[in-house]
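Trainee: Residues per chain are reported as follows:
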Amino acid sequence: MTDNRRDSSFTFTIDGVEIKAYAGQTIMEAADAAGVYIPRLCDHQGLRHQGSCRVCTVKAGGRSVSACTQPAAPGQGVENETPHLTKMRRDLVEMLFHEGNHLCPICEASGNCELQAMAYRLDMTDATKFPYLEPCRPLDASHPDIALDTNRCISCGRCIRASQDVDGKGVFGYVGRGIHRRVAVNGDKLADTNAEVTDHAISREVCPVGCIIRKRVGFVTPIGEREFDKGLIGHEIEERRT
Amino acid sequence: MIENSNQIGSDSPVVSSRGAEDIAAICNKYGNDKHRMLDILIEVQDRWRCISPASMDVIASQTDLTRIEVEGVASFYSFLSLTPKGRVTIRLCDDIVDRFCGLEEVATAFEEVLGIKMGQTSNDGAFSLEYTPCIGMCDQAPAAMVNDIVLTRLTPDKARAAAHDLKSGQRPESLISDRFGSFSAHQQALRMVDNNIRHAGEVLLGPVPNDAGLANAVGITPTQIVNTVEDSQLRGCGGAGFTAGRKWRFAASDPAEKHFVLCNADEGEPGTFKDRVLLTERPHLLIEGMTICARAIGAQQGILYLRGEYVYLRDLLEQVLDDRRRRGLLGTDIMGVKRFNFDIRIQMGAGAYVCGEEGALISSCEGLPGEPKTRPPFPVNRGYLGYPTVVNNVETFCHAARILDRGADWFRAMGAEGSHGTKLFSVCGDCLNPGIYELPYGHTVWELLEMVSGQDAAAVQVGGPSGTMIARDSFHRRLTFDDLATGGAIIVFNGQRNILEIVEYYMSFFVHESCGYCTPCRVGNVFLQKAIQKFRQGLANPEDIEYLKDLSGTIIETSRCGLGMTSPNPILSTLQNFPLVYSTMTKPSKNRIRDTFDIQSAIDGARKIAKRRSHIFDRDFTQ
Amino acid sequence: MTEPAPPELPRARIATASLAGCFGCHMAILDIDERLIELMNLVDVDRSPLTDKKRFTQRCDIGIIEGGCCNEENVHVLHDFRRNCDVLIALGQCAIMGGLPAMRNAIMHSDAPLRECLVEAYISGPYIRNTTHNIPNDPALPLLLDEVYPCSQVVEIDYQIPGCAPSGDIIFDTLGALLSGRFRGFERDMIRFD
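Protein chains in written order, with the working numbering: chain Z, 1 to 242; chain Y, 243 to 865; chain G, 866 to 1059.
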């Protein structure tokens, strides 16, 4: 298998930089390995690719595609960090902010939040043109060790895939359609499910925002000393670049 | 929840062992197959008028899924409900054409007689009254579905009479005729819905011999079938226009052990009703086309995905399938050809426009929410259940059958360069002769307007909301894939119509029908809808025109499927072709203070609570 | 770091106001520390809680707004600032997106959300000890708005300085850059929403 893959390696470019890829690899997988960061929210290491947040939209061969699902193609020119794409991504991130109720100053995830960090990276600092939708969403604190504040959910579905594929549980799922589509739990409330605080789906790395909250550990790391207070989102990938 | 459903009737799915047994029996009927989830849920919905958490638990355990997975499907489709609906559910078609034909008065008539408002269910559980997007009856609007029965050309009087009859206990079908049950399925359909065939063309609606194409197809090799369809340059008639022959070739050349043929009869684009007429008048031709495709790509199973709104055609189509099985045109050794085995099942939809998208249609057939699939892989390689699948529109399959009968050259000679053959146009709106016109590609919009007696048109929506709205200065343009592409919908608007009202309606349609999978379509369309409302209220600034273009661009460029890639079209095409409609509704803000913020309405609630007027914003607060 | 503006520039006139905020952003202005002296060499402060001037004495170059709009007086002040300032800056998350006060926009479930909010806050809330059982209603109290509005929904906002509260550095750098006409956006590592 490994040998086959090596045989079938090829190169393509991202913003002019030559990237090595293997047949079947997505643009993002190849980029990650090469130390080129493509912004993303719904995609996460070790989980199935979903391609729903669209923040990883790149131009490949002139067409807009999601880098997390699009296979890399030999010789193809991919655009990633152009002003145009950055603007699109900023719009998408801003849409996610406005779709839910994201109050960074009171959120336990602030500083660890990928949505917030993405806004920093994409310079989301201009006065907004978008309306705030201010939905009325439930808070579920029924579980002894876990709370859900769905006001902050961005429908990335990482918890759904982590619970299904890694934990083998299926605690979460999508319900509804359109703007009413949201992540819900397998039961009337979280306490009815077999969710445990040790689940991968509940771990800090899976929920990119402050929706899934582990009780009694909030603010252990003070604001100002958290992951994205120390470095821009994506810096770990960019540091791989040789 | 479970207790509540008791109020509705004696046969509610209580947790009693009998209720659970009945639901389990329904699951059993579908082999407890999770891929038949939509069928199971539709049956549970029909019987208990809701899908309660308790019934979802039973279904989940029968099909080896989690309840949240069942709920994900049940909560996706408009015709399924997690809360109890009335024994009779009246769904008024809320298309813009219906609105212009007096929908509001009809709705009021229903509300008055039934004593409930739109969107409500009566306390005794007898009636639900709701709006639903286009049900494909725009040539005979306003129209409504009463359970599985379709009422057309409604007036307030007709609505009142129907509501009274229903209230007095009459069954919905007796609204059509007391002898409804004694009619053939075809007669039943025609009693409810007129075909309105105004112009029959040479290919589909003129005289068509029985199974001549299939007879030719069994005499040649699968490869020759594909070649013939490819040579004809037939393109998909659902709107996207992908070359049918190429699709068949891709699927045929995939060495997978199974292949599938899916027919897209989920005609949901507002203003489109051509497939309705083909399904009524040419069902054999359609099944013939699917059967030919099956032979071409080596499929043994097919699915006819029928939109929930066309449920009144289900019996007719089931009878056609039965008839063809009896005559050896479906089943094993079709037409006596050894190992040519193929059969078709009907998959009912349940109210979701997005299922007209190829991948979403496949998802729906697989018992999943109707969400488009990630491409690549493409359905021709990995479609239904992961096998190579051809999905074509009803009209495309009908054309294919005729091409196999008369030959590729015959077909290719008709129409225009790049757009060969004929096309069914479903024309509705402000014209004297709405209905179906089968015409070769290449006619101008003017020529069509003359045929339909719609010369007063001020605007024509070509291809429905996801198409283009053009003004009189573009009526010389041609109806071809390369100029004005359309899946068939032609909606005529006269000079009295408010363009922005139409645009707002179309945006609300897309908001309602977005599956919600990807951010730009889910959220962006809501923003567009709100922005258009601002224009209609006269609160927009000149900069908002740029905002509309900019946001539309983002949605088109980043959306995952065709729905989001076309949903801003109503705005973009009217901005381009009717710019004055927008610019006359804008005014620059005074002193850079926003007009959209209305201080009077913002403090109104507080005024009432405090029982005093504003010292700042009310001129005379002594009153 | 931004260079201080060259001294030959004419002195600019600035004004500040705190609307529905906690005054934390004004305190953050003081976090500029000793550079305040530098800043004061460049600007004159007109209407502002820092000068205790209640009215504009003349048109200003820059108006700095802390907090969103939760009552009619906030709207009135914001309108006044928009009319009297060439450039308006929203300082901090409350001014930018409503902030903490805007939490009340989303936690309401009844047909009369404002009444629900007041009843919860003054009468029925589990931690309320209000022996009068009245909602405060002195005639001098400004009427509340139905929702809390970010400044950009009430007037056009030219620049936003993020943070809760923004750091002294980002305030100083941004003001310095704006005064010298050299503002080109923020240094990425300075952008914080908390």
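Just so you know, the hints here were simulated from the structure itself, not pulled from any lab data. Please note that the accuracy of each hint is not assured.
The calculated EDC-like cross-link candidates involving lysine to aspartate or glutamate, where the alpha carbons are at most 20 Å apart (straight line), are [unchecked claim]:
(1) Z/Lys129 to Y/Asp306
(2) Y/Lys850 to Y/Asp860
(3) Z/Lys59 to Y/Glu799
(4) Z/Lys129 to Y/Glu799
(5) Z/Lys87 to G/Asp1023
(6) Z/Lys87 to Y/Asp299
(7) Y/Lys776 to Z/Glu134
(8) Z/Lys169 to Y/Asp299
(9) Y/Lys850 to G/Asp951
(10) Y/Lys853 to G/Glu938
(11) Z/Lys87 to Y/Asp840
(12) Z/Lys87 to Y/Glu799
(13) Y/Lys829 to Y/Asp840
(14) Y/Lys853 to G/Glu1052
(15) Z/Lys169 to Y/Asp860
(16) Z/Lys87 to G/Glu1052
(17) Y/Lys832 to G/Asp951
(18) Z/Lys215 to Z/Asp140
(19) Y/Lys772 to Z/Glu134
(20) Z/Lys129 to Y/Asp860
(21) Y/Lys850 to G/Asp1011
(22) Z/Lys87 to Y/Glu785
Stretch by stretch, here's where chain G covers chain Y in the computed footprint (C-beta under 8 Å, at least three residues) [what the hints assert, rightly or not]:
(23) 814-828
(24) 845-852
Far from chain G, some chain Z residues (derived; all Cβ distances over 12 Å) [unchecked claim]:
(25) Gln50
(26) Lys59
(27) Asp145
(28) Glu236
Beta carbons: idealized from backbone N, C-alpha and C, even for Gly.
Trainee: Each of the hints needs a verdict: does it hold here or not?
Mentor: Do the hints match the structure? See the list:
1. Z/Lys129 to Y/Asp306: violated, 46 Å
2. Y/Lys850 to Y/Asp860: holds, 14 Å
3. Z/Lys59 to Y/Glu799: With Cα atoms ~10 Å apart, Z/Lys59 and Y/Glu799 stay inside 20 Å; holds.
4. Z/Lys129 to Y/Glu799: Holds, at roughly 19 Å.
5. Z/Lys87 to G/Asp1023: holds, 19 Å
6. Z/Lys87 to Y/Asp299: With a Cα-Cα distance of about 45 Å, the restraint between Z/Lys87 and Y/Asp299 is violated, given a limit of 20 Å.
7. Y/Lys776 to Z/Glu134: Holds - the C-alpha atoms of Z/Glu134 and Y/Lys776 are around 18 Å apart, at most 20 Å.
8. Z/Lys169 to Y/Asp299: Given pair Z/Lys169, Y/Asp299 holds - Cα atoms ~16 Å apart, limit 20 Å.
9. Y/Lys850 to G/Asp951: Distance ~36 Å between Y/Lys850 and G/Asp951 Cα, so the pair is violated.
10. Y/Lys853 to G/Glu938: Given pair Y/Lys853, G/Glu938 holds - Cα atoms ~17 Å apart, limit 20 Å.
11. Z/Lys87 to Y/Asp840: violated, 31 Å
12. Z/Lys87 to Y/Glu799: With a Cα-Cα distance of about 12 Å, the restraint between Z/Lys87 and Y/Glu799 holds, given a limit of 20 Å.
13. Y/Lys829 to Y/Asp840: Holds, at roughly 16 Å.
14. Y/Lys853 to G/Glu1052: It is violated: about 50 Å lies between the C-alpha atoms, which goes past 20 Å.
15. Z/Lys169 to Y/Asp860: violated, 60 Å
16. Z/Lys87 to G/Glu1052: holds, 17 Å
17. Y/Lys832 to G/Asp951: holds, 14 Å
18. Z/Lys215 to Z/Asp140: OK: Z/Lys215 and Z/Asp140 at ~12 Å, within 20 Å.
19. Y/Lys772 to Z/Glu134: holds, 14 Å
20. Z/Lys129 to Y/Asp860: Violated. Z/Lys129 to Y/Asp860 sits at ~30 Å, over the 20 Å cutoff.
21. Y/Lys850 to G/Asp1011: Holds: Y/Lys850 and G/Asp1011 sit about 11 Å apart, inside 20 Å.
22. Z/Lys87 to Y/Glu785: holds, 18 Å
23. 814-828: violated (count 0)
24. 845-852: holds (count 7)
25. Gln50: holds, 26 Å
26. Lys59: Given a closest Cβ separation of 23 Å, the condition holds.
27. Asp145: Z/Asp145 clear of chain G: closest Cβ-Cβ about 24 Å, beyond 12 Å.
28. Glu236: It holds; Z/Glu236 is separated from chain G by about 16 Å at its closest Cβ, greater than 12 Å.
Comparing the model with each numbered hint stated earlier shows that hints 1, 6, 9, 11, 14, 15, 20, 23 do not hold.
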